[in-house]
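Quick note, the sequences are listed as chains A and B, same order.
Going by the numbering used here, the first residue of the first sequence is number 1, and it counts up by one from there.
Going by the numbering used here, the first residue of the second sequence is number 1001, and it counts up by one from there.
Please note that the accuracy of each hint is not assured.
Stated by the list, open to error - Coverage of chain B stretches by chain A, computed from C-beta distances (three or more under 8 angstroms per stretch; other residues unrestricted):
1) 1346–1355
2) 1358–1370
As the list claims (entries may be wrong) - Below are the DSS-like pairs computed for lysine-lysine, each with C-alpha atoms no more than 30 angstroms apart in a straight line:
3) LYS1202(B) - LYS1328(B)
4) LYS1435(B) - LYS250(A)
5) LYS1305(B) - LYS29(A)
6) LYS1037(B) - LYS119(A)
7) LYS1045(B) - LYS81(A)
8) LYS158(A) - LYS17(A)
9) LYS1053(B) - LYS81(A)
10) LYS1163(B) - LYS1012(B)
11) LYS119(A) - LYS1155(B)
12) LYS250(A) - LYS1255(B)
13) LYS1042(B) - LYS304(A)
14) LYS388(A) - LYS3(A)
15) LYS17(A) - LYS1435(B)
16) LYS109(A) - LYS388(A)
17) LYS1361(B) - LYS1228(B)
18) LYS304(A) - LYS1410(B)
19) LYS1228(B) - LYS1371(B)
20) LYS306(A) - LYS1410(B)
21) LYS1033(B) - LYS298(A)
22) LYS1411(B) - LYS304(A)
23) LYS81(A) - LYS1055(B)
24) LYS1020(B) - LYS1033(B)
25) LYS1155(B) - LYS469(A)
26) LYS250(A) - LYS192(A)
27) LYS1192(B) - LYS310(A)
28) LYS158(A) - LYS1021(B)
29) LYS1410(B) - LYS1255(B)
30) LYS306(A) - LYS1033(B)
31) LYS1411(B) - LYS1163(B)
32) LYS1053(B) - LYS29(A)
Because the hints were derived from the structure by calculation, they are not lab data.
Idealized CB from N, CA, C, for every residue including glycine.
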Amino acid sequence: MKKKEPLIFEISKQGRKSDYINHSSVDCKMPSGDLLRERIGLPNVSELQAVRHYTNLSNLNFGVDTGFYPLGSCTMKYNPKINEDMANLVGFNNVHPYQDEEDVQGSLKLMYELGEMLKEISGMAGITLIPAAGAHGENTGIRLINAYHRAHGGFRKKIIIPDTAHGTNPASSAFAGNEVVAVESKGGILRKADIEHLVDSDTAALMVTNPNTLGLFESELADIAELLHSRGALLYCDGANTNAWMGQVKLGDMGVDVIQYNLHKTFATPHGGGGPGSGPVVVSQKLVPYLPVPIVVKEGSTYKLKYDLKDTIGRIKGFYGNFLVYVKAYTYLLMLGKEGVKKVSDMAVLNANYIKARLKDTYNIPFEGDNMHEVVLSDKIQNEFGIKTMDIAKRLLDYDMHPPTIYFPLVVHGAIMIEPTETEPKEELDMFCDVMIKVADEAKNHPELLHDAPHNTPVRRCDEVGAAKTPVVCLKD
Amino acid sequence: MPYIPHTTDDIKAMLNTIGKKSVDELFNSIPSKFRLKADALKMDKGLSESEAKEKVEGVANSNRVFASSKNFMGAGAYNHFIPSAINHIVGRSEFYTAYTPYQPEISQGTLQAIFEFQTMMCRLTGLDVSNASMYDGATALAEAVMLAYRAKREKKKTVIVPKNLHPEYDAVLKLSLAPFGLNIVHADLDEKTGEISTASVKSHITPDALCVIVQSPNYYGVIESAAKDIAAIAKAADVIPIFVCVETTSLGMFKSPAELGFDIAVLEIQSLGNPVAFGGPYAGVIVTKNEYVRSLPGRIIGETKDIDGNRAYVLTLATREQHIRREKATSNICSNQALVALRSSVYLSLVGEDGYRELSKTNYALAHYAKEQLEKVNGITIKYSGVFYNEFVVSFKSKDVREKAYTSLKKDGFLPGLRHGENSMLVAVTEMQTKQSIDTYVDSLRRYVA
């Protein structure tokens, strides 16, 4: 297999023509020349050249279908093939978003039913499917909280965020116009006592990730919710880690007011090399009036897009969100059914704990506790031999495995965050643990193997500092 | 239960290693009073793949699909031809089951493809640097205004927005900018041409003016023929001109934003190889000048070398981003629309320079043929006189006439366009139509307005 592929522009040749588009069947005078442009600089390649080019590029990639992908916080589970087929149906693809409601009942029904299932899983009262990604959902959720406060005594600026929250949370709050108050969670779990002194009349909400980024369930959440509510503040829960709790508990029962889901994590829609994702937001009753428009409602047996919500925050995105992603999550949820939803979290948590049990004598576990769907290790033991997390991660590449998330969460120095997901067989988990143990042994006895890793990948360690110092971000014509 | 590989023995062995008696015990950190009973969720039982397929196909079938040649609806989502090779390439799971390319050694496929995408976006717009994608054109525009805001050190707060901007873009802007105290002022339309009034833009240029947005083709399909003048007027007053293009196939023939003097361009790339798909996923992109690169939101791919001296691509300038800069980041965006961008890259690679330019001209020619035929119909007028690309506004004598025509055309299998205002309709004509399909449409319309 090729390890290098030229840029598509480097295989282009002037005069080579494609034949995809109908030639115009009418003649027409073109507009005046001062409106028109000259050469653009796009490539001219044949279809075979294009197909080979992208096929060769794909071979330089690593996906869930390629091998074990235990990227913590990202829930890289198997993406069932039927989901892709369903999302490719003409009945979904060739439907314009502005067609009359009577002509899009299928799309609306799918959105409505997906919304109902997502509400049921969390025990929440309302939903918007529209946010395009987790961070978009977070920002939407904080805006809903702000709208609520404006209608109940006035804007509150502060969002309290523990150090075990997801990385996007502070920026998502800032882009809703809020100020972030960071709080340290001692011992891994956020205690009511940690925040009691911080919650005041300017506190809009606490934004936690549950289970948090150490993989631990926030067991004091209900008490924390009560405290917040007693002082007029709300509770936001980042739902990126829903794979740990769905079917086990409804976070709505614990007093949570907002959760964003990541369909591209928990609900098996693929990550696409970075997107598109989908970040639906479910809310408690008190936030329902502020949901962004449009929302999908069912009147009798007819589905409708509702825009006339008096107190809506407005529109967060064009049209109705990443619809084809909904199709995939919907198909997946139909197949899981109620028993499957619980089975997923059962097995996801079992797998993470199994990895922890197998690696706990080899790697440092910085925070003790009952792990849910992921486990965080650190490089503390390996530091003694001059080996860092980065070296361990790069060495895993030589064993054909995608490294875990590294250097996150920030509360752990040299973090190695492992999330196996429920779809990996025991054999794969064992292989990973065997490799991790072997790498720890290499760290002690052959540290140079790790320092120089990876050895066999299409490219080796890259000069990222140089890339940022003098950015080359496009090919000059 | 599908996709769970463990046997009963596996589970036993694993619990044994862990030192627990049951899977349930693993959840002991959830307070017991909140634990759900096994059957608590009000959901249906799981379906087999065969049952699920039948059900989802049934849902899809209850949508009405209009034949491509009979689809005259645009307004921000355009019906263009999608070469077969795109689905085959983008359907390679090495692309679609990968995460954001954090580990460059095993992600060169995604990284190089995005670098090529950035290059294509730079060439379409004539500008220097493109990000790797945003959620869609509307959110990208809001982010572009924030980019301008940072570039002017958060001192100027008035955003000049044209009245012929896509209404959903306008709504998203309003919501996104509100927390930062930015004021939106609307520049008027020239009611005759459908273009933005240069005089109105001028009247809004005050010392507090931050940026001026120009959409071309605008929401009514009209090319902003004075875009270049507006950009020049803006820059002379230290106002950043922002170009928005929603129908990006138009850039195959019309001057690039850079040629028109714009420093920031926002593109919606749905038209480039992505189905209309009930509104998404689409993708937006922000392309700008080098001087703004460190204020740009979103992922950016850069070229570098590995330790062996091989050319390699990496995520770069990450210090702008949320995971490093936290609440001081240039945006909170993390996941973007990478696969949509890949589709557009493949699309542009397949149709190529010549194909893309011809596509643009075909759209223009067919739309103008349609307009000329419609103009001849008694009872129909073309609302605006400005130069247009592939979309235009048709007015009827009354709302009743329009409704009658709309309903009747639908009965004939046409998706007639988008109802607009009291008595008008926004009509888009792409390369998916032919002279013949346009003639049939016009003939039907003639019958119904008579």
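So, going through the hints one by one against the coordinates:
1. 1346–1355: holds (count 9)
2. 1358–1370: Since three or more residues must qualify, the claim that chain A covers the region 1358–1370 of chain B holds, with 9 doing so at under 8 angstroms.
3. LYS1202(B) - LYS1328(B): Outside the cut-off at roughly 33 angstroms; violated.
4. LYS1435(B) - LYS250(A): Measuring from Cα to Cα gives roughly 58 angstroms; hence the hint is violated.
5. LYS1305(B) - LYS29(A): violated (49 angstroms)
6. LYS1037(B) - LYS119(A): Given that 30 angstroms is the threshold and the Cα spacing comes to 17 angstroms, the pair holds.
7. LYS1045(B) - LYS81(A): Distance of about 20 angstroms is within 30 angstroms: holds.
8. LYS158(A) - LYS17(A): Violated - the C-alpha atoms of LYS17(A) and LYS158(A) are around 58 angstroms apart, more than 30 angstroms.
9. LYS1053(B) - LYS81(A): holds (11 angstroms)
10. LYS1163(B) - LYS1012(B): violated (66 angstroms)
11. LYS119(A) - LYS1155(B): Violated. LYS119(A) to LYS1155(B) sits at ~42 angstroms, over the 30 angstroms cutoff.
12. LYS250(A) - LYS1255(B): Outside the cut-off at roughly 55 angstroms; violated.
13. LYS1042(B) - LYS304(A): holds (23 angstroms)
14. LYS388(A) - LYS3(A): Roughly 27 angstroms separates the two Cα atoms, so the pair holds.
15. LYS17(A) - LYS1435(B): Roughly 24 angstroms between the alpha carbons, so the hint for LYS17(A) and LYS1435(B) holds.
16. LYS109(A) - LYS388(A): violated (51 angstroms)
17. LYS1361(B) - LYS1228(B): Measuring from Cα to Cα gives roughly 22 angstroms; hence the hint holds.
18. LYS304(A) - LYS1410(B): holds (20 angstroms)
19. LYS1228(B) - LYS1371(B): holds (26 angstroms)
20. LYS306(A) - LYS1410(B): Holds, because 23 angstroms separates the two Cα atoms, which is no more than 30 angstroms.
21. LYS1033(B) - LYS298(A): violated (33 angstroms)
22. LYS1411(B) - LYS304(A): At roughly 22 angstroms apart (the allowed maximum being 30 angstroms), LYS304(A) and LYS1411(B) satisfy the hint.
23. LYS81(A) - LYS1055(B): holds (16 angstroms)
24. LYS1020(B) - LYS1033(B): Since the Cα atoms of LYS1020(B) and LYS1033(B) sit roughly 21 angstroms apart, the hinted pair holds (cutoff 30 angstroms).
25. LYS1155(B) - LYS469(A): Answer holds: LYS1155(B) to LYS469(A) is near 28 angstroms, not above 30 angstroms.
26. LYS250(A) - LYS192(A): OK: LYS250(A) and LYS192(A) at ~20 angstroms, within 30 angstroms.
27. LYS1192(B) - LYS310(A): Answer violated: LYS1192(B) to LYS310(A) is near 35 angstroms, above 30 angstroms.
28. LYS158(A) - LYS1021(B): violated (44 angstroms)
29. LYS1410(B) - LYS1255(B): Given pair LYS1410(B), LYS1255(B) is violated - Cα atoms ~36 angstroms apart, limit 30 angstroms.
30. LYS306(A) - LYS1033(B): Status violated; Cα separation ~37 angstroms.
31. LYS1411(B) - LYS1163(B): Violated, at about 33 angstroms.
32. LYS1053(B) - LYS29(A): violated (49 angstroms)
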